[in-house]
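K.L.:
The primary structure of each chain is shown beneath.
Protein chains: 2
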Amino acid sequence: MLVGIDLGGTEIKAGLVDRDGRILIRSSIVTGTGRSYRLIIEDMQKQVEKLLKDYGTSIDGIESIGIGAPGLMNDRSGYVIYCPNLFWENIPLGIMLHEHFNKPVYMENDANAAALAESLFGSTKGAVNSVLITIGTGIGGGIIIDHKIYSGSHFAGSEIGHMIVGPNFYRCNCGNNGCLETFASALAMKKYAVHRVEIDGIKTSITNINAKTIFDAAKEGDQLGIETVDRMIKYLSIGIINVFNLLDPEIIAIGGGVSKAGSYLTDKLKEEVGKMYFTHRIQYGDIVLAQLGNEAGLLGAAFLGINKYQK
Amino acid sequence: MLVGIDLGGTEIKAGLVDRDGRILIRSSIVTGTGRSYRLIIEDMQKQVEKLLKDYGTSIDGIESIGIGAPGLMNDRSGYVIYCPNLFWENIPLGIMLHEHFNKPVYMENDANAAALAESLFGSTKGAVNSVLITIGTGIGGGIIIDHKIYSGSHFAGSEIGHMIVGPNFYRCNCGNNGCLETFASALAMKKYAVHRVEIDGIKTSITNINAKTIFDAAKEGDQLGIETVDRMIKYLSIGIINVFNLLDPEIIAIGGGVSKAGSYLTDKLKEEVGKMYFTHRIQYGDIVLAQLGNEAGLLGAAFLGINKYQK
Numbered sequence: 173m174l175v176g177i178d179l180g181g182t183e184i185k186a187g188l189v190d191r192d193g194r195i196l197i198r199s200s201i202v203t204g205t206g207r208s209y210r211l212i213i214e215d216m217q218k219q220v221e222k223l224l225k226d227y228g229t230s231i232d233g234i235e236s237i238g239i240g241a242p243g244l245m246n247d248r249s250g251y252v253i254y255c256p257n258l259f260w261e262n263i264p265l266g267i268m269l270h271e272h273f274n275k276p277v278y279m280e281n282d283a284n285a286a287a288l289a290e291s292l293f294g295s296t297k298g299a300v301n302s303v304l305i306t307i308g309t310g311i312g313g314g315i316i317i318d319h320k321i322y323s324g325s326h327f328a329g330s331e332i333g334h335m336i337v338g339p340n341f342y343r344c345n346c347g348n349n350g351c352l353e354t355f356a357s358a359l360a361m362k363k364y365a366v367h368r369v370e371i372d373g374i375k376t377s378i379t380n381i382n383a384k385t386i387f388d389a390a391k392e393g394d395q396l397g398i399e400t401v402d403r404m405i406k407y408l409s410i411g412i413i414n415v416f417n418l419l420d421p422e423i424i425a426i427g428g429g430v431s432k433a434g435s436y437l438t439d440k441l442k443e444e445v446g447k448m449y450f451t452h453r454i455q456y457g458d459i460v461l462a463q464l465g466n467e468a469g470l471l472g473a474a475f476l477g478i479n480k481y482q483k
Numbered sequence: 173m174l175v176g177i178d179l180g181g182t183e184i185k186a187g188l189v190d191r192d193g194r195i196l197i198r199s200s201i202v203t204g205t206g207r208s209y210r211l212i213i214e215d216m217q218k219q220v221e222k223l224l225k226d227y228g229t230s231i232d233g234i235e236s237i238g239i240g241a242p243g244l245m246n247d248r249s250g251y252v253i254y255c256p257n258l259f260w261e262n263i264p265l266g267i268m269l270h271e272h273f274n275k276p277v278y279m280e281n282d283a284n285a286a287a288l289a290e291s292l293f294g295s296t297k298g299a300v301n302s303v304l305i306t307i308g309t310g311i312g313g314g315i316i317i318d319h320k321i322y323s324g325s326h327f328a329g330s331e332i333g334h335m336i337v338g339p340n341f342y343r344c345n346c347g348n349n350g351c352l353e354t355f356a357s358a359l360a361m362k363k364y365a366v367h368r369v370e371i372d373g374i375k376t377s378i379t380n381i382n383a384k385t386i387f388d389a390a391k392e393g394d395q396l397g398i399e400t401v402d403r404m405i406k407y408l409s410i411g412i413i414n415v416f417n418l419l420d421p422e423i424i425a426i427g428g429g430v431s432k433a434g435s436y437l438t439d440k441l442k443e444e445v446g447k448m449y450f451t452h453r454i455q456y457g458d459i460v461l462a463q464l465g466n467e468a469g470l471l472g473a474a475f476l477g478i479n480k481y482q483k
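In order, the protein sequence lines correspond to chains A and B.
Sequential numbering from 173 applies to the first sequence in this note's numbering.
Sequential numbering from 173 applies to the second sequence in this note's numbering.
If we strip away everything but chain A, and leave its shape as in the complex, we get (with noise of 0.2 Å):
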């Protein structure tokens, strides 16, 4: 049995896993960041003691521990290095669980934990090299390359919200111009329309304007629904592209809250990255849905430990 975590600002998700990926017992707590990080790593234990013993097990049970989390965490050395939602910086997390429970303790970037949990089960199953993009308030990414997670030298890669594709009218968190996620997140979205509303004084029948109302709003014809959802469209499509360019994978699979706009975004996708490929000579890979929602993160990270080491 494994133990995954899957540890967001707002709550933390685990869950005891079978080996053929079946979720047997599962919990949630809130994460109640700002605390000392100490109180949480403890409230963590507490939890996955919990399920343990409310499955009827120990931890002698369990081959090994996973956690994803968003940020950029050292497996080698069992630190979280930076982990904004959670004001986390050089923090002990695989360190401290491993000494509480003597088991192999698996780190990594929740969006990569997706994007194992996907090849293994989901959207992506089978296919040698394939990408996940995450996109919800930001973007985020997962590869994986020849059946492996592919986190980079310094545990840094994958953060494909950070491609610069084009100047946009306002600056990423990251300090750049240009981010992916300024143009094709639901915050980009939001703050796209929202600035064609108010600085540019366009008129539309949205009322409470966000990801979801826009996306409603061009299914039915509103003039600013669809121009902010083919601003979207194109952007994404860029960074698809470029993907598709460096990465060549068999599939992408697009995750996230906006991926519930489901095949009308696809649809639009695969469209409007037609017109892009660099040849069509070759077959490039497919456009996906993922499909394992937000059960992807707890799956992907409880197998961080048997992907790490299968051959």
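If you are wondering where the hints come from, they were derived from the structure by calculation, not from laboratory data.
Keep in mind that the hints are not guaranteed to be accurate.
Identical chains share a label here; the pair holds if one copy fits it or two copies do between them.
[What the hints assert, rightly or not] Calculated lysine-lysine pairs in the DSBU-like style (CA-CA distance at most 30 Å, straight line):
hint, residue 1, residue 2
1, Lys-440, Lys-375
2, Lys-363, Lys-440
3, Lys-406, Lys-391
4, Lys-225, Lys-442
5, Lys-362, Lys-222
6, Lys-320, Lys-375
7, Lys-480, Lys-406
8, Lys-384, Lys-440
9, Lys-447, Lys-297
10, Lys-363, Lys-225
11, Lys-363, Lys-447
12, Lys-406, Lys-447
13, Lys-275, Lys-447
14, Lys-391, Lys-480
15, Lys-406, Lys-363
16, Lys-375, Lys-297
17, Lys-406, Lys-275
18, Lys-480, Lys-320
19, Lys-222, Lys-384
20, Lys-480, Lys-297
21, Lys-432, Lys-222
22, Lys-218, Lys-442
Got chain A; can you put chain B on it based on the hints?
P.N.:
Just chain B now, with coordinates in the frame of chain A:
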């Protein structure tokens, strides 16, 4: 002993190479594009046979034959998928060489072959993950992951020159607007400077405008030279930061004709890229000059088979 062949639009360079990466004997013949591909491949066969004879050996002493060419090469089928400089599409290059010599034949994009050579014997030696960016008339790229060439699922990866980084005043040959090579190649620099002179009426001391004279003029304080170099650096830095944020390699090496600008180029790149790091909490990869020059293609081609099957 290994045979390496660097098949270009102008000349075909071939050589016998030992396992330590020494080129024992080499020759160059004119490609003669426009002729039937059979004639070109027959010339290549004769070229290799002459090298063997001149070196006093025979094909029996050869482990494998490797070919790099500027295009998409299907190493599984033995076909060149597409090689625009040679006007080749679906050409059974690998099959014909294998039938003729009865030896294992390996094919790769020439920038990938060069990246392999740099990682075995040159600027990126020892790095687990590295990237070579070759900047000449166009921009090519080679990606090494876990000491091996990474060319993607359809042999279409590492096209770094076609990463879209922002809108430009002219379109790329690939049909898209905004490709890195339309901002940062030697041709892009020339086109921009000429555009500034002819369209915008800018005055300059540069008489024969090309990448070299532009760099020379910039070093001597010419305004258009400085502006053109700065623009090139700006966009190449965006391309490099995108590679760091996606692949996080230990080293990025800059090769091709433009790399003759030397440390003047890499110093400026390091400064500009350093401003764009996603976080300063990790050490990013180094930016260095490629070391093997024109030999990289031939040398890397020779080692394709060894690289493919190494553990």
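K.L.:
Given a CA cutoff of 30 Å, do Lys-362 and Lys-222 count as a within-copy pair, a between-copy pair, both, or neither?
P.N.:
Classified as neither: same-chain Cα gap 40 Å, cross-chain 67 Å, threshold 30 Å.
K.L.:
For Lys-275 vs Lys-447, is the C-alpha pair at or below 30 Å within one copy, between two copies, both, or neither?
P.N.:
Intra 50 Å, inter 40 Å, cutoff 30 Å: neither.
K.L.:
For Lys-222 and Lys-384, with the copy left unspecified, which applies at a CA distance of at most 30 Å: within, between, both, or neither?
P.N.:
Neither. Shortest intra-copy (37 Å) and inter-copy (68 Å) distances fail the 30 Å Cα cut-off.
K.L.:
Within a copy, between copies, both or neither: where do Lys-432 and Lys-222 come within 30 Å Cα-Cα?
P.N.:
Neither. Shortest intra-copy (33 Å) and inter-copy (63 Å) distances fail the 30 Å Cα cut-off.
K.L.:
Between copies, within a copy, both or neither: which fits Lys-440 and Lys-375 at Cα up to 30 Å?
P.N.:
So Lys-440 and Lys-375 pass the 30 Å test inside one copy only (25 Å; across, 46 Å).
K.L.:
At most 30 Å between C-alpha atoms: does Lys-363 with Lys-440 qualify within a copy, between copies, both, or neither?
P.N.:
Within one copy, since 21 Å is at most 30 Å while 34 Å is not.
K.L.:
Between copies, within a copy, both or neither: which fits Lys-480 and Lys-297 at Cα up to 30 Å?
P.N.:
Close inside one copy (17 Å) and across copies (25 Å); limit 30 Å.
K.L.:
Please sort Lys-406 with Lys-391 into within, between, both or neither, judging by C-alpha distance up to 30 Å.
P.N.:
within (17 Å within a copy, 39 Å between copies)
K.L.:
Between the shortest in-copy and the shortest cross-copy C-alpha distance, which are at most 30 Å for Lys-391 and Lys-480: within, between, both, or neither?
P.N.:
Neither. Shortest intra-copy (43 Å) and inter-copy (49 Å) distances fail the 30 Å Cα cut-off.
K.L.:
Checking an output row: Lys-480 and Lys-406, CA cutoff 30 Å. Within, between, both or neither?
P.N.:
The answer is neither: 36 Å in one copy and 37 Å across copies each exceed 30 Å.
K.L.:
Checking an output row: Lys-320 and Lys-375, CA cutoff 30 Å. Within, between, both or neither?
P.N.:
For Lys-320 and Lys-375, the Cα distance exceeds 30 Å both inside one copy (48 Å) and across copies (55 Å).
K.L.:
When no copy is specified for Lys-480 and Lys-320, does a C-alpha distance of 30 Å or less occur within a copy, between copies, both, or neither?
P.N.:
both (7 Å within a copy, 18 Å between copies)
Going through the hint list in order, the structure does not satisfy hints 4, 5, 6, 7, 10, 13, 14, 16, 17, 19, 21, 22.
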